[in-house]
Each structure stands twice: as structure tokens, then as C-alpha cells.
Amino acid sequence: MSRRRVLLHVGTPKTGTSHLQDVLFRNRSLLMTHGINYPGQRFDAHFLGALDLMRMTWGGLEKEAVGAWDRLSGSARSWPDTTILSHEIFAAASPEQIDRALTSLGDAEVHILVSVRDLARQIPAEWQENIKHRHILSYRKFISQIQDPARDTRVSSWFWSVQEVPAVLARWSEGIPAEHVHVITVPPPGAPRDELWRRFSRAFGLDEIDLEATSERTNPSLGAPETALIRKINKRFNTLVEPADYRPLVRELLVHQTLSARQDSPRLALPPAVHPWARELNQQWVEEVRTAGYDVVGDLEDWLGGPPVEEYVDPDHPRPRLVTDAALDAIGALLQENARLRQSEIALQSAVSAARADGHPVRRVAEQIVNSLEGSAPGRTSLNLYRRARGRLPGSH
Amino acid sequence: MTVDPHAKAWGWVAHLIDGGVTPWSSYAGRDAAAAGERLPGAQQLELLRRVNQATGGRSRGAGSIIRASLAGRGQPEQGLVGLDDVRPGVEPSRLPDGELLRVAASALADALIVGGLPEPEEAPPARRRRRHFTLVGDPWVAIPLRHELTQAGYPPGGPRSHTYVVGGRFDQLVVNAWSAACFDNGPAPWETWLAKWAERDRPPARVDLVKIAGRHRPRARSVDLVLDPELLRGLVGVRRPLTVPAPISVHALEMARRVAVVLGGLVSAEERKVLLRARLLPALSAVAGPRLALPQQQMPWAISQSQRMRRELTEAGYPVHGSWDANWDIGDSDTASVAIPTLDRPTEAGALKVALSVLGKETLGL
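Order-wise, the sequence lines are chains A and B.
For the first sequence, this note's numbering gives the first residue as 1, with consecutive numbering after it.
For the second sequence, this note's numbering gives the first residue as 1001, with consecutive numbering after it.
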């Protein structure tokens, strides 16, 4: 009988998955020495596998996903022990896509893992994620759409396809024994900082491995005024900024490097009036999971969430002074980055002129360009994209 | 009377595969044994039913339609109302067109891939005594003409080529740029794509003739602007008439765009271009329908761009073949040709109708 196991982590978004996937990716060599395969030569290999399996577009990234699922499943089939595959958008896979995925894993013993968090935290987090991906929908309209039973908008159909946990579990666990389906609950606010990691480690069988669990790749959350600012930026500039420029400039530079540092600003939360509806739904889901007999890592009570916030800040109508403050930080970051790029351009122009005058090889100029780009995160992002396109990163397709 | 709803459902599937058109809610035909582990999704089944309606039940691609994946984002895969299923149950005939288009795009993409890349056409040897030229500009015209000329023994390129920049009325150039992209990289939806350029107050890159001409000027023997593609024949030294491609239906363009988007995640960029142009474009060119036109609210931008480009191209001193007045300037709306029906945007209903007609044919090897 095959010893092969595949631990397929299929969701949900906004449950600490970025951190988990980063730790797994950075420790993949060590994991292999313990019989655990985390396939892929790039950190987003499983994301591309999901895009490929589900025929999804994602701002042009799907072009890099051609054949990605076949590579992941091929690696799982050829590995004699445990393979971990993880991406939260697998949650939205259709039964037909799931059949294809499971068939492609061969005769492995498949375990399905789903990490869950209460809707009171998921709803604002998903709205913010929408805004970080160029959307402009107000928070009020977002909530209204997801509460509409018709679920016939792009926003609501996507939200429920990845967040309606019992449906996700039902789709993915068809034909899989309940004891091979694992629900990992995200601990409540105030829990020890490493509690979520401990639960992931237990669920994935990583407790005995001394992993480097600090992560560079987290998905820091923004406050209400900061999210409002990004939404305004999207409304004003979406048609002027290409997706390939939006990612390094807005999402990376403004959101992740600048605005997420403003942790004293009011946090996003669920409006108190919506709280009873969300809690009732969570209650229902807790009962369904309990009845199904799945393995639970953590405590199902965590999934009910806490009480509504005492002071709710509406991100659709934030205090102007707070938004202005955030905007000034954003402008400061852009000015600094622009100044750095200007200096870089001046230096490069001199280098090119000198190279032409002296007949020096073009390689020197190329080296200077590379050194300049490596001086900033957006520059490194651009460089990595270029290298991937040229097939110069290990395992580039 | 059916006691097993699943047997009834499989009976309905068999009915559709046989060319039937009865909606699920009205089906009272025979039951059938399960023909697979899982019933196909409601979106897939309804698309097949509509294809059967469009073709009189003569479609040969039933299997590939019901197996097609739901591409992109939208509703989750639905089941049939009345069945115990992990999928939410619906009456398939009430599904919105957008949901059926997701399956249609996927099925057409699959058909193109399964059909394979066409055999590379071997171009005849280039004629020894020919003019050297490069053909750029309006991609809807330039791309097929380059191919046609190559096949006739007049390949573009060569030392010290004359560069011919194909132009025309700016509103048509914009339509042509988006149209060409629908058979290339799968652009954003028409209105989103158009708004981007209008808000930037720039022409789309592929028809920014000022920049295109400027890029070629340093290396070319000369750069000429050709406002009337019919004149190209004489300019490149070809005796036979050239086939200047006509625009195709706006809904066919939208269907091509959706297929291009799906193909983008399945094959390489080069393969996608070949499959779309060599296999899908001929099938869609035969579909009748209104042509795409610029919306009225974008005409001020179009006129402004047209005037600016004319001024800059004139100042640059490029020789011009064709008439600015007849072939370039955007006149009043009532001077435009009104004999050909136009629409300023595609519709899901229109695109679905195109999909149904193409899916039902053998053209793509379904």
C-alpha cells in the first residue's frame, strides 16, 4: 500500500495562509529531509497551480500558470511520502475541477485541510483585500451584496465561493473519510501570537521539525482611514495605472511598506448592526462541522468570534484628518521612491554615455541597472519579473 | 412516475446528448442509469441545450460541452433543482447568459487546443526582384496583409526597407486595435479598455501612429503613411489585389476575447495567437452581426486625438498616400456610413448567440 499522502490545504483566505505558505516555502529543503515535499521553485507556485486548475485570470499572472497544476500534481505523484499543497483560492474550485485535481494525485491518501475564522473578521478582511486589488466598492455596498441571498454579483459569488466553509468542505471532501478532513480554527484576538502557527504545525504534522517560522511574507492589515485612502486612489487612478505597475507601487510600496505600519489608526470591523447575522451564520456552520465529524484543530468556539466592537469606525466616512495623514505618508513614500529612481536614471544615463564613449561592454551598464534595481523593493520586484520572463530564475517556466 | 430524481436527471442528460431541447423543469422523458460519477453542472447542461436549439439538435460536440470547465469567476457550479447535491440547485433555463458564456469560452478554448496547432505554412521563396518594405500600423489590417504578402512571395523586411504605416479614421483605428487584441492577448472588456485610453488622453499604443512612425524612422529608408489600404498593392509592388480584412461582428469579437482570456492560462502566448488567428478567426468571420463602433461620448476624445495625430504626422513630413479628408478626418456623425449596422458595445446575449453557432459546427473539430 502506498505511503504517499497529500495534505491539500484549500482555504480559506484571510486565515494566516500567507505566513504558512511562506514558512513552508522557505523551509522546503529542510522539510524534504523529513519526508515532506512542498513542491515549486517559486513562492507562488501553488497559487499558479490553483489558477491553472480553475482556469482563472488574475491581472495577467495566469500567463505564468500554464501547466502549473500538472507540475504540482506530478511532483506529488513522484514523491514517496507526504506532499503539502496549499492555496486558499482552491476553496472556489468546482466539483469538476476538484475531481480533476484528486484524480491527478494518483493513489495517494488525500487529506483536506481548511483554516477558518469568524465572519466578523473575515468580512472586513475580504473587503480590504478587494480594495488592495484595485476595487472601488464601498464597504456598505460590499456588505449589502454579500448579504443578498441571490449572490449574483461578482463580489458576492466570489466571497461565498471561498468563505462558505460547509460548502467548501462538502465539495472537497466528497469521497474522503471525515477523519481525513481537518478544520483548523484561527484563535481569537488576544491569543498568544504563535498559537495559530502551533495549530498549523499540528495539523500539517510539522511539530517535530525545527522550522524557521518567522515570515517575511505577511499580509498586514490596514486601518479604516488607510483603506479608504487606497479606495480613493483606485477610483481616481485605476484607468491610469496598469496592473503590473499597481502591484509594486500601490500594493507593495504604499500598502505593505508604508500604510500598514500605521497600526494606531482605527481598525476595520464589522458594523455592529450586521454582527448578529454573521454570528448566527457562524453558529450554523459550527454545528454542521461538529455533526460532520471532521477533525478539528483548535476550538470550534473560536469560530463564533467575539462581541461587536464598541467604537465602530465607518471606512466609507472616515475622519478626513486621518485620511489626509495617511495620504501624506503615502506621498512621502512615493517622493522618496521617485527621488531614488531619478538618481538611478541619472546614474544610468551617465553610465550608458560613458560606455558608448569608451566602447565598454554593455554588460557593465547592465550590472549597474541591476544594482540600482536591487536597491528597493519595487525594483527587486521588477527585476524578478524580468528574470522570470527571461527564464533566469531557478525552475522558471 | 420517477421515484429516483437522479435517474430522471441522467435521463435528461441523455436527452440533451441526443440533441434534445426540453428544459429540465419540463422534462418528463425516460430515466437513465448514471453515465458517470457525477452529473454535469447545470451551466454545462444548459449550454448544450441552447446549442441543440440553435443547431436543430445536430451538434457534434455534446461530450466536450458537458465536460467543459467553468472558466473564470462567477457563480459556483450549479446542480439541478430537485436533486440532493453538494451544488446549489437551479432551473438551468434561468441561468444568466454570463454563466453560459463561461462554459462556452472554456469549451471553445478546449476545442482549439484539441484541434492542435495548424501545420506551419511553408512560405514560397521570396521573389528576387521585389521591393523591401515593412508594414506596421493598424494591426487589424497590417497583420493579415503581412501574412498574405509573405505567402505571395513578398515577405516584409530586407535591407533599407520602406516602412508603410497603415492608418485611417481614428475611431475605426481604435476599434481595430481592440479587435486585433481579441485575437492576440485577450484585452480587457471593450468599455474598460476604451476608458483607459480616453482617460489617459492618448491613442491606444498599437495605433499611436506618431510613435510607431517615429520608431521606424531612424532605420527605414523612408516612412510613409498609408491612409487607404487599397493603395498598398501598388506601393509594395504587387500586381494581384490584396485582401483588406473587413471588420467582424461586435459579438464575435467579444466571444474571441473571452476565448483568448481562457487560452492565456492554457497555452503559450505564441500558440494562443496562432490558434486564435488561424482557427477561430475564420469561424467567427462568417458570423453576421453589427459591427463595433466608438460610443458617442468618446467621439470628442477621438476627434481630438485624430486632429493631434494629423498635425504631428504632417509636421514630421511623412509622405502620405490617400486623402486626409476622405480617409482620416472624423466628420459629423451623419457623414459616417449608416448602411452598416453598428453597436457601441457587445452584449452577453449577442456573444452567447455567436458561441452557440460556432459550438454547433464542425469547424473547430468539436
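Just so you know, the hints here were simulated from the structure itself, not pulled from any lab data.
Any given hint could be a false lead.
What follows is a list of derived Cβ distance ranges for each label pair [unchecked claim]:
| id | chain 1 | residue 1 | chain 2 | residue 2 | range |
| --- | --- | --- | --- | --- | --- |
| 1 | B | Arg1308 | A | Asp358 | 33 to 43 Å |
| 2 | A | Ile136 | B | Pro1096 | 21 to 31 Å |
| 3 | B | Arg1094 | A | Asp99 | 37 to 47 Å |
| 4 | A | Ile136 | B | Gly1116 | 37 to 47 Å |
Quick list of in silico lysine to aspartate or glutamate cross-link-like pairs, DMTMM-like style, CA-CA up to 20 Å [as the list claims (entries may be wrong)]:
| id | chain 1 | residue 1 | chain 2 | residue 2 |
| --- | --- | --- | --- | --- |
| 5 | B | Lys1196 | A | Asp245 |
| 6 | A | Lys235 | B | Glu1199 |
| 7 | A | Lys235 | B | Glu1191 |
| 8 | A | Lys232 | A | Asp329 |
| 9 | A | Lys63 | B | Glu1148 |
| 10 | B | Lys1211 | B | Asp1224 |
| 11 | A | Lys63 | B | Glu1271 |
| 12 | A | Lys63 | A | Asp44 |
| 13 | B | Lys1273 | B | Glu1121 |
| 14 | B | Lys1353 | B | Asp1097 |
| 15 | A | Lys232 | B | Glu1199 |
| 16 | A | Lys232 | A | Glu252 |
| 17 | A | Lys63 | B | Glu1270 |
| 18 | A | Lys235 | A | Glu129 |
| 19 | B | Lys1211 | B | Glu1315 |
| 20 | A | Lys232 | A | Glu242 |
| 21 | B | Lys1196 | A | Asp329 |
| 22 | B | Lys1273 | B | Glu1199 |
| 23 | A | Lys235 | A | Asp207 |
| 24 | A | Lys141 | A | Asp314 |
| 25 | B | Lys1273 | B | Glu1122 |
| 26 | B | Lys1211 | B | Glu1199 |
| 27 | B | Lys1273 | B | Glu1148 |
| 28 | A | Lys235 | B | Asp1201 |
Note that beta-carbon positions come from the ideal geometry of N, C-alpha and C, so glycine has one too.
Hint-by-hint comparison with the structure:
{"no.": "1", "hint": "B:Arg1308 - A:Asp358: 33 to 43 Å", "result": "holds (41 Å)"}
{"no.": "2", "hint": "A:Ile136 - B:Pro1096: 21 to 31 Å", "result": "holds (23 Å)"}
{"no.": "3", "hint": "B:Arg1094 - A:Asp99: 37 to 47 Å", "result": "violated (26 Å)"}
{"no.": "4", "hint": "A:Ile136 - B:Gly1116: 37 to 47 Å", "result": "holds (42 Å)"}
{"no.": "5", "hint": "B:Lys1196 - A:Asp245", "result": "holds (14 Å)"}
{"no.": "6", "hint": "A:Lys235 - B:Glu1199", "result": "holds (12 Å)"}
{"no.": "7", "hint": "A:Lys235 - B:Glu1191", "result": "holds (16 Å)"}
{"no.": "8", "hint": "A:Lys232 - A:Asp329", "result": "holds (15 Å)"}
{"no.": "9", "hint": "A:Lys63 - B:Glu1148", "result": "violated (29 Å)"}
{"no.": "10", "hint": "B:Lys1211 - B:Asp1224", "result": "holds (13 Å)"}
{"no.": "11", "hint": "A:Lys63 - B:Glu1271", "result": "holds (12 Å)"}
{"no.": "12", "hint": "A:Lys63 - A:Asp44", "result": "holds (13 Å)"}
{"no.": "13", "hint": "B:Lys1273 - B:Glu1121", "result": "holds (15 Å)"}
{"no.": "14", "hint": "B:Lys1353 - B:Asp1097", "result": "holds (10 Å)"}
{"no.": "15", "hint": "A:Lys232 - B:Glu1199", "result": "holds (16 Å)"}
{"no.": "16", "hint": "A:Lys232 - A:Glu252", "result": "holds (17 Å)"}
{"no.": "17", "hint": "A:Lys63 - B:Glu1270", "result": "holds (11 Å)"}
{"no.": "18", "hint": "A:Lys235 - A:Glu129", "result": "holds (15 Å)"}
{"no.": "19", "hint": "B:Lys1211 - B:Glu1315", "result": "holds (13 Å)"}
{"no.": "20", "hint": "A:Lys232 - A:Glu242", "result": "holds (16 Å)"}
{"no.": "21", "hint": "B:Lys1196 - A:Asp329", "result": "violated (27 Å)"}
{"no.": "22", "hint": "B:Lys1273 - B:Glu1199", "result": "violated (28 Å)"}
{"no.": "23", "hint": "A:Lys235 - A:Asp207", "result": "violated (46 Å)"}
{"no.": "24", "hint": "A:Lys141 - A:Asp314", "result": "holds (12 Å)"}
{"no.": "25", "hint": "B:Lys1273 - B:Glu1122", "result": "holds (18 Å)"}
{"no.": "26", "hint": "B:Lys1211 - B:Glu1199", "result": "holds (19 Å)"}
{"no.": "27", "hint": "B:Lys1273 - B:Glu1148", "result": "holds (16 Å)"}
{"no.": "28", "hint": "A:Lys235 - B:Asp1201", "result": "holds (17 Å)"}
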